[in-house]
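Enquirer: What follows is the residue order along each chain.
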Amino acid sequence: MKPSDAARAPLTVIGGFLGAGKTTYLNDLIREGIPEHSLIVINDFGDINIDAELIDYRDEQLIQLTNGCICCTLGGTLAEQLAKAMRLKEAPRAVFIETSGVADPARIADIARLSQRLTLKEVVCLVDGEQIEANRHDPLTGETWRAQIQAATRILVNRLSTTNDVDARLSELRQLNATAAIHDMGGPAGAAADQRSIESPAITARALYHDTASQSGWQSASLTMPGAVDIDRLRDLLLDYGDVLLRAKGFLYCRDRQQRQLLQFSGRRLNSQPAPARSGRCQLVCIGRAGGRFEELIATLSRLGQAEAAGVA
Amino acid sequence: MITVYQAKSIITMNPSQPRATHIAVKEGRILAVGDLAAMQEFGEFTLDARFADRCLMPGFVEGHSHALEGTMWEYPYLGYFPRRDPEGQHWAGAQSIEAVQALLREQAERLPPGRPLIAWGFDPVYFEGARLDRRLLDEAVDHQPLVILHASLHVMTVNSAMLELAGLHRHADIEGIMIGEDGRPNGELQEMAAMHAIFETLDMNLFETVGSPKTLWRYGRVARNAGVTTITDLYNPLTDEGIEALQAVTADDAYPVRLVPAMAALAWSVDEGIQRLQGCLERGNDKLHFGPVKLMTDGSIQGYTARLKWPHYHDGHANGIWNAPPETLREIVEAYHQAGLQLHIHTNGDEAVELMLEALEGALTFWPKCDHRHTLQHCQVIDHAQLRRASSQGLCLNMFANHLYYWGDIHRQRTLGHERCQRLEPLASARRLGIPTAIHSDAPVTPLGPLFTAWCAVMRQTATGQVLGERERLSVHEALEMITLGAAYTLRLDHLVGSLEIGKFADMVALDRDPLASAPEDLKEIRVVATVLGGRVHEAE
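Those protein sequence lines, which keep their order, are chains V and D.
Position 37 of the first sequence, counted from 1, bears residue number 37 in UniProt numbering, the numbering being contiguous throughout.
Position 273 of the second sequence, counted from 1, bears residue number 273 in UniProt numbering, the numbering being contiguous throughout.
Okay, chain V solo, but in the shape it has when bound (with noise of 0.2 Å):
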């Protein structure tokens, strides 16, 4: 009894490491449109942007599209959990699955092949192209991102055109996979160029979560500082803020010091000292007074941090 290929879903498997470009490939597909009435099987709901609109119902697990699309969130294994969701609706008409980034995208693309109401219609793989050497040799998941590359049916490369060394960076991916098509994403022009600055600003603040021992009052907030900083524009402006800035520390790169530094600003006094060698993302945290001046300090550092690392590229 095997239905005919027609009946089956065409199934797409979207890979990539984290930050890759994943979700921003998978918003893209939902706002320029899916088939109606298909599946969308993703990591967390945290991450897509649906308009609200378009959403006709939602709850922990699943929203349903006005276009009759249901999108879902994994709750157990995927293999289980995907019978499951697939139970939920009739005939999907297609079915994409966003992996984890740790998962190995043959072995996805193996369920399409042994399913009886799916048919495989192709492996994407996003790769960030700054990241390629570092992706291909890191210890504790270089084995898993070269699975992807060599699953893929097609790779998406962004951020390719601010390597040094673009040619050198697509035979490397031609090497690990003969037959994939490979597009660069990333001309200046293109499209990806606009994704990265949405996608990954030089620094993103946000406000963390309020320690349930202090419900009321105190604020924190953590941002990611990439580029070196002027540790004296820094401390100026750590010290103008003493009135609501409690602490603030963390690991960054100053200008004019090789090695990575551990900063601490409490008692309106701003220390530094070289981090220990062990890697790490370059952060600042800071803990205050909730409230509007508070607020006005974090953008400000947001933006003292975007001129950095801007005058530094």
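Keep in mind that the hints were calculated from the coordinates and are not lab data.
Check before you lean on any hint, since a few could be wrong.
The calculated DSSO-like cross-link candidates involving lysine-lysine, where the alpha carbons are at most 30 Å apart (straight line), are [to be verified]:
| # | chain 1 | residue 1 | chain 2 | residue 2 |
| --- | --- | --- | --- | --- |
| 1 | D | 8 | D | 26 |
| 2 | D | 504 | D | 8 |
| 3 | D | 369 | D | 504 |
| 4 | V | 121 | V | 84 |
| 5 | D | 369 | V | 249 |
| 6 | D | 214 | V | 84 |
Sample of chain V residues at the chain D side, in silico, Cβ under 8 Å [said to hold, decoys possible]:
| # | residue |
| --- | --- |
| 7 | 80 |
| 8 | 84 |
| 9 | 86 |
| 10 | 117 |
| 11 | 220 |
Each residue gets a CB set at the ideal place from its N, CA and C atoms; glycine is no exception.
Put chain D on the given structure of chain V with help from the hints.
Expert: Then chain D, alone, in the frame of chain V:
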């Protein structure tokens, strides 16, 4: 109303008064522990002598198990080792292929014709040489589809009827569909693609009832029969429906156990998860304690999915897999820590331990916090430098002692080799460093039974009787502490349960003999007679 229980002996786990013979209970709490003379000062009380021949201990605390145990019992049990179901029925286990077949035949007869038979708990590790394949299954059941879930839950074996129904008999070239000598699928299915084909074909959700009141009741009964009075459900998505079920069962006076669900971090985005868990904190009751969040990092050692440091697997197998990108795992740790929540982190391999030590060190540098009690779970091959680091970071450890018995031989021969097996579950070392430590069963992965878990920690014997790492043996007293006060500490409940002291909940287990007066090797033979929860007696079945 005061009730005084008289016992042959009482092990209190209270260092100021380790032994007693009487315990007074009022309004569900312990009024006093001591001898009869100490009780008489309270004037009028009812003397309950039903435990006069028994040994009383603090009710056991299981710090790492899953309510999935309650779901699995919807299906017949096919494991190697004997096990008791929630109703107290003894399942002898199937120790030979013939026994497996006989059990399946018997179960198939109970089902309406054509209905698929599903069985669980089979572990191929114990059937070396004889591979359970579709032929052997067909000999037992050939007219209806048959699915056997392995103990690992990551592998299944199906009969020919099921293979054909799912259309898998046509596929011999896909990873995860195991092939027999004839070049055709032999019925063993690994990997999610093959398992998905089965789930899709069965047209039913196998684990649909996880989180339902019915499952939680079964889970409670399994706990009671094992002498457990406080138990975790260490990977609960905490959906609205799930929270209601937890509240409903624990509101029932007859429910025999206190529940500590830990929210599954990866089921939510970080912001949603933190909000959800913080919203739960006030929604508990005396028998329901929200608080911890559970994070999965790697897989299992016997499944070759745990992340091991160099030189990785003893037999050269490729290193394991991460459950989420390491960067994401780090961010989750930082965010939950910053939000003031307690993390329980699954780390089987030592590389996973390393990643989490880094992440926690970062979080603690940014947001120092005393008494955070973040707990590494399993940490089966944590090395000595890592133990020292865990100690200096103030972490708790909850080790998977049952592994020594169930998979010790496999670890010695295939996955870890001689040296790492000397420090498999390095309990004595953790204790020497003063690290708060517990031991666990991870039910349904291994059977729930704290006394057996304690036996494993004391004897360190594998299923074939080999001793692994003699120097990491615990004394009986130390092991008993880990299944009571030690586990309670990792759940932030040591002020309420885990020892028999004035003011704490009257949670006890009655044993047929005194574990401290018995030979260490007899620990696992000691029988649980009953539990007492908040002063209410629950007879074991």
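Enquirer: None of the hints should be skipped; say for each whether it holds.
Expert: Taking the hints in turn, this is what the structure says about them:
1. D/8 to D/26: holds (21 Å)
2. D/504 to D/8: Roughly 21 Å separates the two Cα atoms, so the pair holds.
3. D/369 to D/504: holds (26 Å)
4. V/121 to V/84: holds (21 Å)
5. D/369 to V/249: holds (15 Å)
6. D/214 to V/84: Holds, because 21 Å separates the two Cα atoms, which is no more than 30 Å.
7. 80: This interface hint holds because 5 Å falls under the 8 Å limit.
8. 84: holds (5 Å)
9. 86: holds (7 Å)
10. 117: The hint holds - residue 117 of chain V has a Cβ within 8 Å of chain D, the shortest such distance being about 6 Å.
11. 220: holds (7 Å)
In the structure shown, no violation is registered for any of the earlier numbered hints.
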